[in-house]
Amino acid sequence: MSETTPQHENPPPPDGIRTTGADAPGDLPRAPLAEARGTGRIGDKIFLGLSRGAGVTLLVIMAAIAGFLAIRASHALSANEGNFLTTFTWDANANPPVFGIAVLLFGTVVSSIIAMALAVPIAIAIALFITHYAPRRLSGPIAYVIDLLAAIPSIVYGLWGGLFLVPHLEGLYKWLDDYLGWTKIFAYHDGAARSLFTVGILLAIMILPIITSVSREVFRQVPRMHEEAALALGATRWEVIRMSVLPFGRSGVISASMLGLGRALGETMAVATVLSPSWDIVPSVLDAGGGTFAQNIASSFKEASGDMGKDALIASGLVLFVITLVVNGAARLVIARRKEYSGANA
Amino acid sequence: MMLQRKNGLRAVAAGALVVSGLLALTACGSDDNSGSSGGDASKQAGNIKCEGKGSLLASGSSAQKNAMDLWVRNYTAACGDTQVNYKATGSGAGIQEFLQGKTAFAGSDSALKPEEVTASKEVCTDSQAIDIPMVGGPIAVGFHVGDLDKLTLDAETLAKIFDSKITNWNDEAIKKLNPGAKLPDLKIQPFHRSDESGTTDNFTKYLKAAAPSAWPHEPGKAWEAKGGQAADGSAGVSSQVKQVNGAISYFELSYATSGSIPTVDLKTGAAAPVQATTENASKAISEAKIVGKGKDLALQLAYDTKAEGAYPITLVTYEIACEKGNKADTLQATKSFLTYLASEDGQSVLKERGYAALPPEIATKVRETVTALS
Amino acid sequence: MSNLVKDRPAVTGSAPRPGSLRQPRLPRWAPAAFALGSAVVGVAIGLVAGLDSRIQWGLIAALVFVLGSYIASTVVEGRRQAKDRLATSLVWVAFLLAVIPLVSLLYETVKRGSKALNADFLNHSMAGMLDDQAGGGVYHAIIGTLEQVGLATAIAAPIGLLTAIYLVEYGRGALAKAVTFFVDVMTGIPSIVAGLFILSFWILWLDFDYSGFAGAMALAILMMPVVVRSTEEMLKLVPNELREASLALGVPKWRTILKVVLPTAIGGIATGVMLAVARIAGETAPIVLLVFGSKTINNNPFEDPQSSLPYYVYEQWTAGQDASYDRAWAAALVLIAFVMILNLVARGIARWKAPKTGR
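Sequences listed follow chains A, B and C, in order.
Numbering of the first sequence is given in my numbering, commencing with residue 1 and proceeding in unit increments.
Numbering of the second sequence is given in my numbering, commencing with residue 1 and proceeding in unit increments.
Numbering of the third sequence is given in my numbering, commencing with residue 1 and proceeding in unit increments.
Don't read these hints as lab results, they were simulated from the structure.
Glycine included, every Cβ here is placed at the ideal spot set by N, Cα and C.
Among the clues, some could well be false.
[To be verified] With a straight-line cut-off of 30 angstroms between C-alpha atoms, the simulated DSS-like cross-links for lysine-lysine are:
#1 A/K184 to B/K187
#2 B/K267 to A/K174
#3 B/K176 to B/K187
#4 B/K187 to B/K267
[What the hints assert, rightly or not] Interface residues of chain A toward chain C, partial, derived using beta-carbon atoms under 7 angstroms:
#5 F47
#6 T57
#7 S74
#8 I122
#9 L159
#10 I205
#11 R237
#12 G262
#13 G266
#14 A330
#15 R332
Construct all of the structure, not just a fragment, from the sequences and the given hints.
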């Protein structure tokens, strides 16, 4: 949550201190402090060096990650006999290697779309529930519990998904097939509910807490006056929300959703436990098949032999890396825009 | 200032508390599970010759994991100085880790490829890696069709089922092989391994060898056919078969036994359909030819055997080590451990986990090879 | 308050009484009644139609509830009120829908996890255990998790802290902008990518062995940006007057930061670090790639393989036997308890040490 609490940019602290801190005390010719000032300067230098060094370390790590992934990925791509974007197989261990990410891209996108379609409305509803609907005494504890749920490790979600959720979804899928089977998208033929839709549901449950808690923070910041003005005009609660809460929170909700999306895209273990992967694109989201980037890395990794096997996976990891980078970057951009907007209004 | 100093002290104290707490914690656990294990632990410890000490790392085939667990338990019960860690990462990763010098030996479902042998010259000083067959076993075809507990199939039907050509349990072809059985109108759900695996390799090799016309795909570690569902690992597919009505899949016999999953009897051309048992698998393995050169004991399995009572879908897994030039610090322990595996005791405990002991003539050669490792 | 009109609407329909500003309202108990009614309808339909999935029953009941209260409200109260009621019931339904899986997750973990959980489970390792045997324990995994997470924290916390200090107290210019941007990017790194990086860098390229430390480094990469961001927020909350007061007394800047700024924000920083710890304690993917896994106790994170709690859960899940499923659930329970305790402690610190400014 702290990652996204809108940070009030241009806080005077850094700037203000810089001028007073670096120059002013130094200019004061006060004898008794001379000694302290001396150590202070050295101390300052050391401290600045340390903290700047830490920042640089971070940059180096990032560069190393990008560099290592890119080098190994290009290694694999140059040996690849198939088209990396359109090939429907993953024979990276073969000689010559043939592999492509078409299925992974499709599976990742579809499962994330399903997850977002399920999670975002519900998360907004819960956030509204906590801020506007729940009995006052309950809203605190509920918010607290939702925050705690955000901390449940993904492997536990995976365990629950594989051993509890999958068997319980079968009835639902058969039902969907009965009524929506004609759409082909919701046709269900297989006997086990281990499909992209199941992945979507599990991911939705996993990202629900994070979207909820960020949206909740945003809704909390809606100026009280806006709401009271609307109420005074005789608006119903829903009208208050529609006219003052949602417009104010829109960009916040968007960025919260993006953060959730970023998480859904990169989720590994929970997907690996509930999906029955295959190397083709299945028309129905309820039928088993497909795969995601992270899931494929985790499950193909053990048998990835030769240099090429691992490098091909690293190449797909690089694609995942770029996708999450774009999504997260977009989320930050929206937050930054919002800051200006609300700053102008405040 | 006082306040700050106190804060600093408090932080140090908290840190010290955490560290000392951790130290205290590291002292209170125990590796000794003899109290809770099934009761047969450490009984076979009698004849094990312990040599070397320290930590012995190995990784590879998950098909031999259950055998390895048993061996490791018995071996470490007798030789407390050695810690053996076998990680079932899969044959490919096992070989790779071995070739990188990360592990003392690898477990693999298939013999080394020529380029792997070449690569092994880097880790094995002045020598190369060899295949040592250590454990064989039947690959059972487990099914879940209502409460049907007996089913006979032949290679061709099996191939068509896994290729999604036969899609219903009441198909004529299945009915013909099972006169009298009550076959329901139920969709067949063939499950295959989603990870690459030696089990898949051997299973598809069998299909290709015994029913070439019905199985158009290339045999290999990765599943080539379209359709069907996938799950991770033998445990994954077997637990799916348990859950899903109409399912059929292939896995090591031990998973069928421990999950009480009924298995298919194979009509091989012998007089009677052959059951998937360790004895029947041993019979099939004894038909195998040694094709490795020199000390290498790579086997060629006879998948299309029609011998009486020989169950043809078998798998032989190898340990892979350097013929000469094994890492000095683990050589003693490796030899001592492998010697135990190849010994009468080591082979005979396998049966209880659904594996087949090596046929005597191969076992003898294996023992010679292991003794000569250096 | 609407007693007067309560019994009327059914007769007079939706028309408000002439001369009254007040619209007819549904009685206060109406939502509860609708909820009860729709639950009954859901169960009835489920039973009659022979639907075997409880999820379907719930969905039907939810649908009946939303539609029922909307229609009733339209008839009685008019469209605006009906929309309000629709929104209210949708929000409630959404809340319940979301709560069910989350409660079920916790319930299942506690129920199935408590089966194998006992003192022996906590202080024994898996040495010599076969997958399908009951027994064995999680001790080696607990040690592994504590050590790996501890090492990761020891690496990531100072770097993260100093970076945040740099950004807030010194940061200006291109370097600070770049650091800020890349910290954001870093928060988005999927854990498996961090694992791949350490694997190719530390194990394949520098040729070190699998160890707890390798895992700790991947965890540190995941932890750093989280620490930076939360520390940054906390430092920004420290009122500027404090800094200026200290500097005006002639205290050098570094001492000001160490003695004034940090102690003021220490509660929030500690909270942030603990939350980051809780977050990485549950990471599985990098551990699977880097720590190798072990069944025996290994107290040395720098040498030889270790295990860890999430890895243990994964390992037991992969083994696929009834006994191993029991162990997986029990370990999941231990893991959740560990993470929850960290969270609670973090929040406790936050409340205890909260800066008295702002919200």
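Consistency of the hints with the structure:
Distance hint between A/K184 and B/K187 is fulfilled; the C-alpha atoms sit about 19 angstroms from each other, no more than 30 angstroms. Of the supplied pair hints, the one linking B/K267 and A/K174 is violated, its CA atoms being roughly 36 angstroms apart against a limit of 30 angstroms. Simply put, B/K176 and B/K187 have alpha-carbon atoms about 18 angstroms apart, close enough for the 30 angstroms limit, and the pair holds. Taken as a hint, the B/K187 and B/K267 pair is honoured in the structure, with Cα atoms around 23 angstroms apart against an allowance of 30 angstroms.
The beta carbon of A/F47 comes within 4 angstroms of a beta carbon in chain C, closer than 7 angstroms, and the hint placing it at the interface holds. Hint on A/T57 holds. Least Cβ distance to chain C is approximately 6 angstroms, under the 7 angstroms limit. Against a cut-off of 7 angstroms between C-beta atoms, the interface hint on A/S74 is violated, since the closest Cβ of chain C lies about 13 angstroms away. About 5 angstroms separates the beta-carbon of A/I122 from the nearest beta-carbon of chain C, less than 7 angstroms, and the hint is met.
Look at A/L159: its Cβ gets to within about 5 angstroms of chain C, closer than 7 angstroms, so that hint holds up. Nearest Cβ of chain C to the Cβ of A/I205: about 5 angstroms, under the 7 angstroms cut. The hint holds. The interface hint given for A/R237 holds, since its Cβ lies 6 angstroms from the closest Cβ of chain C, which is under the 7 angstroms cut-off. Annotation: A/G262 was flagged as interfacial toward chain C, and the flag holds, the nearest CB pair being 5 angstroms apart, inside 7 angstroms.
The closest approach between the C-beta of A/G266 and any C-beta of chain C is roughly 3 angstroms, which is under the 7 angstroms cut-off, so the hint is satisfied. Because the closest C-beta pair between A/A330 and chain C is about 11 angstroms apart, greater than 7 angstroms, the hint is violated. At about 5 angstroms, the closest approach between the beta carbon of A/R332 and any beta carbon in chain C falls short of 7 angstroms, and the interface hint on this residue holds.
Of the numbered hints stated above, those contradicted by the structure are hints 2, 7 and 14, listed in ascending order.
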